[in-house]
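2 protein chains.
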Amino acid sequence: MAVHTVASSTSSTVDLGPAAALSCRECGHRVPLGPVFACEECFGPLEVAYDFSAYDTDTLRKRIEAGPASIWRYAPLLPVPEDVADKPNLNPGWTRLVKADRLAAELGVTGGLYVKDDSGNPTHSFKDRVVAQALEAARAFGFTTLSCSSTGNLAGAVGAAAARAGLRSCVFIPHDLEQGKVVMAAVYGGDLVGIEGTYDDVNRFCSELIGDPAGEGWGFVNVNLRPYYAEGSKTLAYEICEQLGWRLPDQIVVPIASGSQLTKVDKGLRELIELGLVEDKPYKIFGAQAAGCSPVSTAFKAGHDVVRPQKPDTIAKSLAIGNPADGPYVLDIARRTGGAVEDVTDEQIVDAIKLLARTEGVFAETAGGVTVGVTRKLIENGQLDPSKTTVVLNTGDGLKTLDAVAGTGLTATIRPTLDSFREAGLA
Amino acid sequence: MAVHTVASSTSSTVDLGPAAALSCRECGHRVPLGPVFACEECFGPLEVAYDFSAYDTDTLRKRIEAGPASIWRYAPLLPVPEDVADKPNLNPGWTRLVKADRLAAELGVTGGLYVKDDSGNPTHSFKDRVVAQALEAARAFGFTTLSCSSTGNLAGAVGAAAARAGLRSCVFIPHDLEQGKVVMAAVYGGDLVGIEGTYDDVNRFCSELIGDPAGEGWGFVNVNLRPYYAEGSKTLAYEICEQLGWRLPDQIVVPIASGSQLTKVDKGLRELIELGLVEDKPYKIFGAQAAGCSPVSTAFKAGHDVVRPQKPDTIAKSLAIGNPADGPYVLDIARRTGGAVEDVTDEQIVDAIKLLARTEGVFAETAGGVTVGVTRKLIENGQLDPSKTTVVLNTGDGLKTLDAVAGTGLTATIRPTLDSFREAGLA
Numbered sequence: 305m306a307v308h309t310v311a312s313s314t315s316s317t318v319d320l321g322p323a324a325a326l327s328c329r330e331c332g333h334r335v336p337l338g339p340v341f342a343c344e345e346c347f348g349p350l351e352v353a354y355d356f357s358a359y360d361t362d363t364l365r366k367r368i369e370a371g372p373a374s375i376w377r378y379a380p381l382l383p384v385p386e387d388v389a390d391k392p393n394l395n396p397g398w399t400r401l402v403k404a405d406r407l408a409a410e411l412g413v414t415g416g417l418y419v420k421d422d423s424g425n426p427t428h429s430f431k432d433r434v435v436a437q438a439l440e441a442a443r444a445f446g447f448t449t450l451s452c453s454s455t456g457n458l459a460g461a462v463g464a465a466a467a468r469a470g471l472r473s474c475v476f477i478p479h480d481l482e483q484g485k486v487v488m489a490a491v492y493g494g495d496l497v498g499i500e501g502t503y504d505d506v507n508r509f510c511s512e513l514i515g516d517p518a519g520e521g522w523g524f525v526n527v528n529l530r531p532y533y534a535e536g537s538k539t540l541a542y543e544i545c546e547q548l549g550w551r552l553p554d555q556i557v558v559p560i561a562s563g564s565q566l567t568k569v570d571k572g573l574r575e576l577i578e579l580g581l582v583e584d585k586p587y588k589i590f591g592a593q594a595a596g597c598s599p600v601s602t603a604f605k606a607g608h609d610v611v612r613p614q615k616p617d618t619i620a621k622s623l624a625i626g627n628p629a630d631g632p633y634v635l636d637i638a639r640r641t642g643g644a645v646e647d648v649t650d651e652q653i654v655d656a657i658k659l660l661a662r663t664e665g666v667f668a669e670t671a672g673g674v675t676v677g678v679t680r681k682l683i684e685n686g687q688l689d690p691s692k693t694t695v696v697l698n699t700g701d702g703l704k705t706l707d708a709v710a711g712t713g714l715t716a717t718i719r720p721t722l723d724s725f726r727e728a729g730l731a
Numbered sequence: 305m306a307v308h309t310v311a312s313s314t315s316s317t318v319d320l321g322p323a324a325a326l327s328c329r330e331c332g333h334r335v336p337l338g339p340v341f342a343c344e345e346c347f348g349p350l351e352v353a354y355d356f357s358a359y360d361t362d363t364l365r366k367r368i369e370a371g372p373a374s375i376w377r378y379a380p381l382l383p384v385p386e387d388v389a390d391k392p393n394l395n396p397g398w399t400r401l402v403k404a405d406r407l408a409a410e411l412g413v414t415g416g417l418y419v420k421d422d423s424g425n426p427t428h429s430f431k432d433r434v435v436a437q438a439l440e441a442a443r444a445f446g447f448t449t450l451s452c453s454s455t456g457n458l459a460g461a462v463g464a465a466a467a468r469a470g471l472r473s474c475v476f477i478p479h480d481l482e483q484g485k486v487v488m489a490a491v492y493g494g495d496l497v498g499i500e501g502t503y504d505d506v507n508r509f510c511s512e513l514i515g516d517p518a519g520e521g522w523g524f525v526n527v528n529l530r531p532y533y534a535e536g537s538k539t540l541a542y543e544i545c546e547q548l549g550w551r552l553p554d555q556i557v558v559p560i561a562s563g564s565q566l567t568k569v570d571k572g573l574r575e576l577i578e579l580g581l582v583e584d585k586p587y588k589i590f591g592a593q594a595a596g597c598s599p600v601s602t603a604f605k606a607g608h609d610v611v612r613p614q615k616p617d618t619i620a621k622s623l624a625i626g627n628p629a630d631g632p633y634v635l636d637i638a639r640r641t642g643g644a645v646e647d648v649t650d651e652q653i654v655d656a657i658k659l660l661a662r663t664e665g666v667f668a669e670t671a672g673g674v675t676v677g678v679t680r681k682l683i684e685n686g687q688l689d690p691s692k693t694t695v696v697l698n699t700g701d702g703l704k705t706l707d708a709v710a711g712t713g714l715t716a717t718i719r720p721t722l723d724s725f726r727e728a729g730l731a
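Protein sequence lines correspond, in order, to chains A and B.
According to the numbering used here, the first sequence holds residues 305 to 731 in order.
According to the numbering used here, the second sequence holds residues 305 to 731 in order.
Honestly, the hints are just simulated from the structure, not real lab data.
A hint or two may mislead.
Derived DMTMM-like pairs: lysine to aspartate or glutamate, alpha-carbon spacing no greater than 20 Å straight-line [to be verified]:
#	chain 1	residue 1	chain 2	residue 2
1	A	LYS391	B	ASP405
2	A	LYS485	B	ASP707
3	A	LYS571	A	ASP405
4	B	LYS366	A	GLU369
5	A	LYS692	A	ASP405
6	A	LYS681	A	GLU500
7	B	LYS366	B	GLU386
8	B	LYS485	A	GLU330
9	A	LYS366	B	GLU520
10	A	LYS485	A	GLU500
11	B	LYS605	B	GLU512
12	A	LYS485	A	ASP495
13	B	LYS391	A	ASP405
14	A	LYS692	A	ASP584
15	B	LYS692	B	GLU546
16	B	LYS571	B	ASP554
17	A	LYS485	B	GLU482
18	A	LYS485	A	ASP505
19	B	LYS403	A	ASP387
20	B	LYS391	A	GLU410
21	A	LYS605	A	GLU684
22	B	LYS585	B	GLU546
23	B	LYS692	B	GLU410
24	A	LYS403	B	ASP390
25	B	LYS403	A	ASP390
26	A	LYS403	B	ASP387
27	A	LYS571	A	ASP723
28	A	LYS391	B	GLU369
29	A	LYS485	A	ASP617
30	B	LYS485	A	ASP707
Just the calculated beta-carbon pair ranges, DEER-fashion [to be verified]:
#	chain 1	residue 1	chain 2	residue 2	range
31	A	THR363	B	ASP390	27 to 35 Å
32	B	ARG574	A	ILE683	47 to 55 Å
33	B	ALA373	A	ASP617	39 to 47 Å
34	A	GLY415	B	ALA370	47 to 55 Å
35	A	GLY446	B	ALA629	32 to 40 Å
36	A	GLU583	B	ALA409	46 to 54 Å
37	B	ASP636	A	GLN483	41 to 49 Å
Using N, Cα and C, we set each Cβ at its ideal position, and we do this for glycine too.
Produce the complete structure using the sequences and hints provided.
Given below as structure tokens:
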């Protein structure tokens, strides 16, 4: 039934908690839980379908609040076994929601501005959330190797998660990646393989490997485990609402790479409404891109339903996907909720990184510069209402993209004397 | 009465919660709370004295457990006002206590091995804990500039904390620091001043500035605010015990730079015993140094009570204090508790960083390599009992000391074909 065979488990023995099946987002066709990602009927993307029918709202809320300070407090809403918190994993999540009053003052936001700072995750990006789901799926399907194609954050997240779980990891990257990024991924001791070719070549090779006997027992977190993996982004929505006191924000600004995160944040918010954990009221979702890779923003502004691929050229490497798989879904969500998709230049990204750092002490990756920069632009052009409660996502860590702010430096150089100090005008 | 005058507050109006006075560690002389650090009677170090007499154990435990997921759950035990969590600060702490079963297996630990991973703090080192205390003291004393001398982690922690609080920051560093470290500190937008000279020159200059009118209104976190600052390290002890289910560990391995952290971890454990929050039972504290800067380890092994200064030469820069102020206290604690002080070579530090990364997915700073490496050595030489519950501190993040593992790299480079993959022996 499934496109690929399941290594050592069938749906009847797979325990992924409330996950009941995989369901096609396009045609609704359902298949048993397994390491598959495309609908056999229409080739649409598969996503996890749940059975939440047994949950009572108050009991669920109390269970979550009594849970661990990690994404596993939401285990009843994720495709993971009930005892997931007891298994060796990185326990990501429950990152700080920073009330950003000084940033709000600079941007003119009066309705409450928050930064969800995912740099506090174990490998310092939101990728730990999604990889943690893929890891549980890999265990459930009997996979022994965790794998992915990556150009950065994901390589480290997969290497670290596999190390902690005692699984082999084998991560594929373009062979000419910067040395710093190679070190961050290689330190976890898994196999790190450089592919002679572009990132597209790396992806193509991974797809080939999945269909080959050589790839048997391999879970590619963002390919054959993608339906599970993607669910991890729902936890951003859960945490934001719980940290706001079980309230929906009015507006939320999410970065767009493949677009998956934005669609799952929306899914998470809708689930909380359906489960009665938050009040049912409108919210707006805004997408943020870099101008140098803005296929979704371009389509949004042109009123298109489809996304025309672009060749990325931006410092926001973690968002540089020129042909985003979930682009059409993002357009739909932005329009349905009354949001928008906007983009900012590399210069605006750098300015926004510095603005966030100097107002709130949060040093964001370039992707965080994109969301903060887009928030500013959306306020200026009147699309984002500054009188409403607004949450901006920072999905990564500035330490990983130091080059973006390499121009930052010393205010002054002085001799170690008070006279020299006074001459420099620092007193 | 105080050595320096208090900017805009006197002890009677200073609200630092349960902090009652400053008390000399040598002679016990007490002075009112203020920005002073040395005893006017004997020049011994001042530390915070508390009034915990009003606390009932059960009420206190419940209050802590109901508190925020940060160090502020322990506000009743820290020199901070009761409403500290509502003030703009980085809310550090409540970092992961990783049950390190795979590392335990490699080291032969059977009694339970845990890594307290402080890389999850906002600026990714334990310095956020101590700076957060200094920030509250600075606010209480009416200081408007937060300052420090630093060669790394502290500069970023101070810059970020001041930015978030809306205070000016002015951080002094040697002018020839590596560009990466300069960027990490400069990004928060405060003044970052390069001093033409060594780190010793920087420190000497800071002491001069404190005594000069030009330094009026300036809080140097690790000089005139040091008594408050140092208390932040107690929270490591509190968190470890609470995360173990309000149990004391049997053994704990702490890195030594100035030695302050180790003495405050001991103070925190003793407070928990005195408050009845944990059972009164013996525990052993072990100190960890790099061989290239091992004044305390050398003194311990020689049976000395005093510490002879060394000129540091090690990759563990964050521990490279050749003349550690709290060295004698560390020796006393290690001996009193039945612990030890040990050191490891740079090669052993690198091996330990890789060991921790490949077994637990935790990428530690060189200081974490020191504690893990020393733990291994202490087990090998029989000083640490592998059948007892042991906690190892990782106080910083590997992303900040990438050079230490720069040799780590690709397992293989292949063409994007299955044949090339098979030839490389990766299947």
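Outcome of the hint check:
no.	hint	verdict
1	A:LYS391 <-> B:ASP405	11 Å, holds
2	A:LYS485 <-> B:ASP707	12 Å, holds
3	A:LYS571 <-> A:ASP405	28 Å, violated
4	B:LYS366 <-> A:GLU369	15 Å, holds
5	A:LYS692 <-> A:ASP405	14 Å, holds
6	A:LYS681 <-> A:GLU500	39 Å, violated
7	B:LYS366 <-> B:GLU386	16 Å, holds
8	B:LYS485 <-> A:GLU330	49 Å, violated
9	A:LYS366 <-> B:GLU520	51 Å, violated
10	A:LYS485 <-> A:GLU500	17 Å, holds
11	B:LYS605 <-> B:GLU512	36 Å, violated
12	A:LYS485 <-> A:ASP495	14 Å, holds
13	B:LYS391 <-> A:ASP405	11 Å, holds
14	A:LYS692 <-> A:ASP584	16 Å, holds
15	B:LYS692 <-> B:GLU546	18 Å, holds
16	B:LYS571 <-> B:ASP554	15 Å, holds
17	A:LYS485 <-> B:GLU482	19 Å, holds
18	A:LYS485 <-> A:ASP505	19 Å, holds
19	B:LYS403 <-> A:ASP387	16 Å, holds
20	B:LYS391 <-> A:GLU410	19 Å, holds
21	A:LYS605 <-> A:GLU684	16 Å, holds
22	B:LYS585 <-> B:GLU546	16 Å, holds
23	B:LYS692 <-> B:GLU410	16 Å, holds
24	A:LYS403 <-> B:ASP390	10 Å, holds
25	B:LYS403 <-> A:ASP390	10 Å, holds
26	A:LYS403 <-> B:ASP387	16 Å, holds
27	A:LYS571 <-> A:ASP723	61 Å, violated
28	A:LYS391 <-> B:GLU369	24 Å, violated
29	A:LYS485 <-> A:ASP617	19 Å, holds
30	B:LYS485 <-> A:ASP707	12 Å, holds
31	A:THR363 <-> B:ASP390: 27 to 35 Å	31 Å, holds
32	B:ARG574 <-> A:ILE683: 47 to 55 Å	52 Å, holds
33	B:ALA373 <-> A:ASP617: 39 to 47 Å	40 Å, holds
34	A:GLY415 <-> B:ALA370: 47 to 55 Å	29 Å, violated
35	A:GLY446 <-> B:ALA629: 32 to 40 Å	55 Å, violated
36	A:GLU583 <-> B:ALA409: 46 to 54 Å	49 Å, holds
37	B:ASP636 <-> A:GLN483: 41 to 49 Å	45 Å, holds
In this structure, the hints that do not hold are numbers 3, 6, 8, 9, 11, 27, 28, 34 and 35, in rising order.
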